[in-house]
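There are 2 protein chains.
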Amino acid sequence: MQLPSSLLENAVAEFAKLPGVGKKTALRLVLHLLKQDVNDVQHFSETIAKMRAEIKFCSRCCNISDGDICSICANSLRNQRTICVVENIRDVIAIESTQQYSGTYHVLGGIISPLDGIGPDQLNIESLIQRIQKEGTEELIFALNPNIQGDTTIYYIQKKLQPSACNITTIARGIAFGGELEYADEMTLARSIANRLPVQQYVKG
Amino acid sequence: MQLPSSLLENAVAEFAKLPGVGKKTALRLVLHLLKQDVNDVQHFSETIAKMRAEIKFCSRCCNISDGDICSICANSLRNQRTICVVENIRDVIAIESTQQYSGTYHVLGGIISPLDGIGPDQLNIESLIQRIQKEGTEELIFALNPNIQGDTTIYYIQKKLQPSACNITTIARGIAFGGELEYADEMTLARSIANRLPVQQYVKG
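Chains as they are written, first to last, in this note's numbering: chain A, 1 to 205; chain B, 1 to 205.
Calculated from the structure, these hints are not laboratory results.
Every residue gets a Cβ at the ideal spot worked out from N, C-alpha and C, and that includes glycine.
Some hints could be false.
As the list claims (entries may be wrong) - Part of the chain B face toward chain A, derived, beta carbon under 10 Å:
| hint | residue |
| --- | --- |
| 1 | L3 |
| 2 | L8 |
| 3 | L31 |
| 4 | S45 |
| 5 | C58 |
| 6 | S59 |
| 7 | C70 |
| 8 | S97 |
| 9 | K134 |
As the list claims (entries may be wrong) - List time: in silico DSSO-like cross-link candidates among lysine-lysine, alpha-carbon distance up to 27 Å:
| hint | chain 1 | residue 1 | chain 2 | residue 2 |
| --- | --- | --- | --- | --- |
| 10 | A | K17 | B | K56 |
| 11 | A | K24 | B | K24 |
| 12 | A | K35 | B | K23 |
| 13 | B | K23 | B | K56 |
| 14 | B | K50 | A | K35 |
| 15 | B | K50 | A | K24 |
| 16 | B | K17 | A | K23 |
| 17 | B | K24 | A | K56 |
| 18 | A | K50 | B | K160 |
| 19 | B | K17 | A | K35 |
| 20 | A | K23 | B | K35 |
Generate the whole structure from the sequences, applying the supplied hints.
See below:
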C-alpha cells in the first residue's frame, strides 16, 4: 500500500504501532482525523501527550493517579486495612465497576513469568511486603488470573510474608454466572465441587 | 466504567471518538501508550497533529498531497490526458496498489446522495468539468461504487459534459475473481452476461 503523502504515511505508521491496529485500520483512523477540524485533532494529540507526560502512579498502591496518592487510597471511607493484589490497572477498573469491594489495592504491574523473563524484582512485590508490615494489614486478597503464573505469584508472595499474622485469601474460582456445567473444563468444575458453599451462604450472597 | 484519573479519562474519551473504537478498546490503547516511553508518545502525538495541520490537497485532482500538486499529477511519465474519477482518497490508494493504471485521478470527495443531503455543489465536480475543458482530456474513467448514488453521479457528470468530445468509460462490473456464479446476485450476473467479452480479449487480459 503506497500512500500519496509522507505526512499521511508517518501518521499511519504511528497508529499501526498500537495493539490490534493494522495498516488498513490505521489508514481509516487517519483519514477520519483528516476530516475533522484542525483544532479537534490538535486537542486529540495534546490530550494524549499530556496524559503520558503528567500521569502519576500512586506511591502507596502503584495505581494510576492524578496526584501523589490515588483517589482510592485517599478515601477514608474505604477499609485501609484490606489490600486486593491485582496484576494491572485494568483489573482495578474491573473490580471497581462491580461496586462490591471497599478496600484498597496493590498493583503488581505484571505477574511472575520466568518464560517471559519477568521475575519478582520487576514487580511491585517488595513495596507490598513493606506496606503490609507498616500498615498492619488485616486481609490480603489475591485477585490474579487463574493460571500457572498467577498461582506462582501467589505462592511467592505468601512465602515472603510468613509468618505474618495477616489473613490471606484469593477470589473464588468456579462456574461463572450463566455458564453451563457440561461445557466447563474439568479443573474449574473440580475446584468448584471441592470449594462448595453452604446454600444459606450462597443465597445470602 | 469509572477511571482512577481524569487525565486517563480524557485520553480514553478522545480515542473513543475514533470510528470503530469503543470505550474498552480506547482504554486498551491508552494503557498501551502509558507503557511506552514519554518521548515515543510525544512523537506519536506530534505526528498526528502535524499531519492534520500541514497536509494539503492537490489543486488539480484534490488528492492528498505534501505540496501544491500531488506526486501523481506531477509525474510526467503518467498519462495526463486520462482522468479516473473516484469518490475518495481510499479509492486512489486501492487503484494505485493494483499498479495497472497510469493516468491521473480526480477525487470527488463524496458522491451525489440527496438522502444524505449531499448535492453536486458539495463535491469537486465543477473543478472536474473545468479541468476537462482546459486540459483537453481524452478519456474519463468512472471508478465509483456500483450503487444508485454512484450511477446518479455518473449520469449527472456525463450530462454536464455533453457535447464534449471526451471519451467516457466506467470500470467493468462482473463476477469477481474467486467468486462463484451461483452466489452472485442477479443484477451482477445479468450485467456480466450482457457485457460479455470475447475470450481472446479476456485471455490477453
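Each hint tested on the structure:
1. L3: holds (6 Å)
2. L8: holds (6 Å)
3. L31: holds (6 Å)
4. S45: Hint holds; B/S45 Cβ to chain A Cβ min 4 Å, cut 10 Å.
5. C58: holds (8 Å)
6. S59: violated (14 Å)
7. C70: Cβ of B/C70 sits 6 Å from chain A, so the hint holds.
8. S97: Interface hint status for B/S97: holds (6 Å vs cutoff 10 Å).
9. K134: violated (22 Å)
10. A/K17 to B/K56: holds (25 Å)
11. A/K24 to B/K24: holds (21 Å)
12. A/K35 to B/K23: Satisfied, since the Cα-Cα distance of roughly 22 Å is no more than 27 Å.
13. B/K23 to B/K56: violated (32 Å)
14. B/K50 to A/K35: Holds, at about 14 Å.
15. B/K50 to A/K24: holds (20 Å)
16. B/K17 to A/K23: holds (19 Å)
17. B/K24 to A/K56: It holds: about 21 Å lies between the C-alpha atoms, which stays within 27 Å.
18. A/K50 to B/K160: At roughly 51 Å apart (the allowed maximum being 27 Å), B/K160 and A/K50 break the hint.
19. B/K17 to A/K35: holds (13 Å)
20. A/K23 to B/K35: Judged against 27 Å, a Cα distance of about 21 Å means the pair holds.
Comparing the model with each earlier hint shows violations of hints 6, 9, 13 and 18; every other hint is respected.
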